[in-house]
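Protein chains: 2
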Amino acid sequence: MQNVVKIGVAGLGTVGAGTVKLLSEHRDNLTDRSGSPMIVTAVSARDRTRDRGFSTDGLTWYEDARDMAQDANVDVIVETIGGSDGIAYELCKTALEAGKHVVTANKALIALHGVELARIADANNVTIAYEAAVAGGVPVIKALREGLSGNVVSRVTGILNGTCNYILTTMREQGRDFADVLAEAQKLGYAEADPSFDVDGIDAAHKLAILTSLAFGVEVDFDAIAVEGIRSVSALDIQMAEELGYRIKLLGIAKQTPEGIEQRVSPVLVDRNTQISKVEGVFNAVALEGDYVGPVILQGRGAGERPTASAVVADLVDIAAGRKTPVFGVAAERLKKNVRAPIEKHIGAYYLRLMVWDRPGVMAEVTAALARNGVSMASMIQQGRAETEGGVVPVVFITHETNEGSMLEALATISAFESNSQPPVLMRIENFAS
Amino acid sequence: MQNVVKIGVAGLGTVGAGTVKLLSEHRDNLTDRSGSPMIVTAVSARDRTRDRGFSTDGLTWYEDARDMAQDANVDVIVETIGGSDGIAYELCKTALEAGKHVVTANKALIALHGVELARIADANNVTIAYEAAVAGGVPVIKALREGLSGNVVSRVTGILNGTCNYILTTMREQGRDFADVLAEAQKLGYAEADPSFDVDGIDAAHKLAILTSLAFGVEVDFDAIAVEGIRSVSALDIQMAEELGYRIKLLGIAKQTPEGIEQRVSPVLVDRNTQISKVEGVFNAVALEGDYVGPVILQGRGAGERPTASAVVADLVDIAAGRKTPVFGVAAERLKKNVRAPIEKHIGAYYLRLMVWDRPGVMAEVTAALARNGVSMASMIQQGRAETEGGVVPVVFITHETNEGSMLEALATISAFESNSQPPVLMRIENFAS
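Read top to bottom, the protein sequences are chains C and B.
At position 433 of the first sequence (counting the first as 1) the number is 433 in full-length UniProt numbering, and the numbers step up by one without a gap.
At position 198 of the second sequence (counting the first as 1) the number is 198 in full-length UniProt numbering, and the numbers step up by one without a gap.
It is possible that some hints are incorrect.
Straight-line distance between alpha carbons at most 30 Å, and here's what the computed DSS-like set of lysine-lysine pairs gives [stated by the list, open to error]: (1) K337(C) <-> K21(B); (2) K278(B) <-> K93(B); (3) K337(B) <-> K21(C).
Pairwise CB distance ranges, derived in the manner of DEER restraints [said to hold, decoys possible]: (4) P258(C) <-> I39(B): 27 to 33 Å; (5) A98(B) <-> S154(C): 36 to 42 Å; (6) E192(C) <-> D180(B): 53 to 59 Å; (7) E333(C) <-> G58(B): 49 to 55 Å; (8) G13(C) <-> P37(B): 43 to 49 Å; (9) F54(B) <-> N3(C): 54 to 60 Å; (10) S55(C) <-> A98(B): 39 to 45 Å; (11) T413(B) <-> I39(C): 55 to 61 Å; (12) A378(C) <-> F54(B): 39 to 45 Å.
Rather than coming from a laboratory, the hints here were simulated on the basis of the structure.
Every value quoted in this text rests on a predicted model; they were computed, and no experiment measured them.
Every residue gets a Cβ at the ideal spot worked out from N, C-alpha and C, and that includes glycine.
Here chain C stands alone, though its shape is the one from the complex (with noise of 0.2 Å):
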């Protein structure tokens, strides 16, 4: 006799329906997989009434999700009403405490509360799964936290969002400013109305702290990420990063260095030779380099009601089949305590790009400027010249590798100038082997 597994679905959204009708329409390549068939038992949303493509006749209906989390008739919950707090945390957290395993595709939940629900899963023998928290359907938790288990990892990079990926590759294709480009991401739905957490980065930063904690056996620490989003990337810079030979990309950045582990998302350039320079549109990418196996490079669609059900049904088939795996990869109290290296720390090359009044002695003052703290130049280029005398242009300087410390007291100097027509633009250089 095989064991069914009953599943309690909160929340009904894209990624709730989509599980919902993944798990009916696959039913039984399912029950090959996982050896035992997976049924829905129970499902909460807001509104009962809406159409969402299947019946819920048979099943419970809770009005509050956070009732589901007693129910002797669910053995796992999936979690998709989302919010870092309030519902979601409470109906996790309960669901762990009465021994059910939890899936979701909550990265903000992870990223914040991680920590203390991994030692609640522990407590009671049971999981939260969360493939589908980072870079929808492409299995990166499953990689990095088995797949790469014999790795010490040195360094994580991801594209982890699709909606500033695909405005930034708008931006290069079609020349066009980033306010224009996201209003018409907006338009055609693939940008929120309030695209914050998207532009500004902190999706991303929610992404990378998982990312983090399972690269390097640390406890998820979302506050030691330095993050920038994408609204001061310029259709120019883009220009000019190109002509370089680089290609602007918001990556979100793991690294282990000397300080302790370096945590940052931000716009950055990387070559234009590199894969991860290719990958383009709202396809999100993940790269990993351990010191076994190399670099290795997990790249598809990040987000949608279709990839994110896929990553749910994979940690219910993991689930149902009995295979289990410490939610960070080490039980969470074997979990180190990050150590944050200051992002003044972080050693690389830059790109600084004036927009200066065109007359003798501005590249003199900024070179020496640079000189002054430290910071050698590898190329600099200026874009034609200004039409008439004294007009604006932009100039751009590649550094040699330094420290960003340095580098800020130069930005500093420089900024200061009478000769700047608007301040400067500095972003970081990522080296990628191949």
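Following the hints, complete the assembly by docking chain B onto the known chain C.
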């Protein structure tokens, strides 16, 4: 008290030795990840005196690896002897029968005896794991078997042989011919003294056979694969393909068709804007397409001591942690028979390159032959004109989608034309969405 997992390593070549080193180097990390210390208790290799960079003191040494299957002090056998039959096969079979798990990097063994071994594993409640058999340390087996378990897969495609990809990349970048680049690759150690397993596509076909079984839930069926290697790829064809916007890659492809599953390994043309076309040099990549997840690509180093050891150890951690997955994703008895789609029924576009005497009427007779067989032409290029009237020029035809049977009939007719100065070259074109 933790259970200690005792490992016997059969074969101490690069993979075996790399595994022993990794297990020792990352011992504490691995114990955290698996929950159980993993120790090597026994080894077997031909030459006991060779220095492999680690001490074999205290380990049981077997002259004949097969005896290891009966060692009560071994829980898991790591088989790195190689070869589809002989000692490797006997060792794996008897170890599984003796209730020991097996981890192997042996693609030939799994491709040819996978179903039998999976049945024995199931019957003895153990597993035979083979992440290292495909794409080195890149966790493609895990991604397909567990990460995409919620999907019906429509196609699996892969750059599965690093030697071939290196040769094709070098041929293109340097405009050199196959024999020349092969000789250099042999000198550099990127190709074997007898390169036929690699360059004739057999190694890629072994890997494809495994991926096909996992993707479609069917019995491994190596003999069903239409295999063609890269010996006949010329620098000229690579160059002509580039001019038309394509890159030539040796791909393994398994596809669900109305006729059954089509499996083939051959040089194919892929659009130069697709991600898979940009995987160069010794890198491997596998592209998976699921009905829910959409396209997913994984890439990384497909061979070498350290990447392969990474995969072997990932399998060992899964076993030590008690995570069980059926050998091919579903129980061996639930695997379907493979229904072979005959390659003549393949539907796709083609690249046809002729080398013809440059004289009036040649184009007309070729296009007429294509048309008579129902093959319609999408484009045609003739590169330059012959230096002298009646000289030889390459001419390329790109067809619309047609079936391979018709294309081969057209080819037979065209090959008989006296206008050919050498036999025509025909290659399939493979489409990717991104």
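Evaluated hints:
no., hint, in the structure
1, K337(C) <-> K21(B), "holds (28 Å)"
2, K278(B) <-> K93(B), "violated (40 Å)"
3, K337(B) <-> K21(C), "holds (28 Å)"
4, P258(C) <-> I39(B): 27 to 33 Å, "holds (32 Å)"
5, A98(B) <-> S154(C): 36 to 42 Å, "holds (40 Å)"
6, E192(C) <-> D180(B): 53 to 59 Å, "holds (55 Å)"
7, E333(C) <-> G58(B): 49 to 55 Å, "violated (32 Å)"
8, G13(C) <-> P37(B): 43 to 49 Å, "holds (45 Å)"
9, F54(B) <-> N3(C): 54 to 60 Å, "violated (44 Å)"
10, S55(C) <-> A98(B): 39 to 45 Å, "violated (51 Å)"
11, T413(B) <-> I39(C): 55 to 61 Å, "holds (59 Å)"
12, A378(C) <-> F54(B): 39 to 45 Å, "holds (43 Å)"
The structure does not agree with the numbered hints 2, 7, 9, 10 stated previously, though it agrees with the rest.
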